[in-house]
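Just so you know, the sequences run in chain order S and B.
Reminder that position 29 of the first sequence reads as 29 in the working numbering, one-by-one numbering, no gaps.
To get the working numbering, take the position in the second sequence, counting from 1, and add 111.
Be aware that one or more of the hints could be misleading.
[What the hints assert, rightly or not] DSBU-like mimics (lysine-lysine), calculated; alpha carbons at most 35 Å apart, straight line:
{"hint": "1", "chain 1": "B", "residue 1": "K166", "chain 2": "B", "residue 2": "K177"}
{"hint": "2", "chain 1": "B", "residue 1": "K152", "chain 2": "S", "residue 2": "K76"}
{"hint": "3", "chain 1": "S", "residue 1": "K103", "chain 2": "B", "residue 2": "K131"}
{"hint": "4", "chain 1": "S", "residue 1": "K103", "chain 2": "B", "residue 2": "K177"}
{"hint": "5", "chain 1": "S", "residue 1": "K68", "chain 2": "B", "residue 2": "K131"}
The set of hints was computed from the structure by calculation and includes no laboratory data.
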Amino acid sequence: GQNIDQPTEMTATEGAIVQINCTYQTSGFNGLFWYQQHAGEAPTFLSYNVLDGLEEKGRFSSFLSRSKGYSYLLLKELQMKDSASYLCAVMQNSGNTPLVFGKGTRLSVIA
Amino acid sequence: GAVVSQHPSRVICKSGTSVKIECRSLDFQATTMFWYRQFPKQSLMLMATSNEGSKATYEQGVEKDKFLINHASLTLSTLTVTSAHPEDSSFYICSARDLSGGDTQYFGPGTRLTVL
């Protein structure tokens with residue numbers, strides 16, 4: 001079967017660092033995506049990992065361990081505008097199969 | 112990144128009418144597009160996979176006669192909600208995968224449908 005787990009909600013303080021974890025069990029694996037979704041808006045692409053290791057992109061970094069079926073999204077220097085849902089998604093096969101999404105983690109950044 | 116557009120962004124219609132939503136990939140060709148629905152504070156739900164030049168693939172529980180999908184070209188897919196009812200009110204989002212750009216899947220901005 002397919003299973004992607006991430007925490008439902010997290011709260012963090014402005015200026016701090018937060019790590020959002022994602023574990024997956026899927027029949028195939030060809031990469032993992034992180035998306036950000038603000039309330040009432042569509043998801044926007046944040047990162048893509050297919051090889052083990054850390055990908056850094058400004059204040060956001062994403063890590064992947066294929067052997068452990070584990071990824072995390074790291075957000076540094078949190079800002080109030082980072083309050084959003086963060087979606088972990090696995091691409092099982094290349095080409096035109098749909099991504100498998102987790103249920104998302106709702107992050108609240110407080111002052 | 113690649114751009115996917117949707118039209119309209121917001122639509123209000125009467126119960127029993129049909130509503131067409133367009134999804135376009137603006138700077139890449141997409142042989143496949145995906146249609147999602149999202150209710151408030153819930154996760155994305157994949158409705159169907161739209162294939163250019165062939166029939167769409169619907170997820171279990173999604174009525175293909177109610178949600179008509181047409182993928183007329185490599186840059187356009189349409190979703191028509193037929194005989195809409197208030198329970199069809201939702202946020203409909205399309206996405207497309209840029210196969211020439213690392214397989215990244217990009218989302219359109221979504222269409223908020225309200226059926227009165």
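Status of the hints after comparison with the structure:
no. : hint              : result
1   : B:K166 <-> B:K177 : 15 Å, holds
2   : B:K152 <-> S:K76  : 25 Å, holds
3   : S:K103 <-> B:K131 : 28 Å, holds
4   : S:K103 <-> B:K177 : 26 Å, holds
5   : S:K68 <-> B:K131  : 43 Å, violated
The structure fails hint 5 only (numbered hints given earlier).
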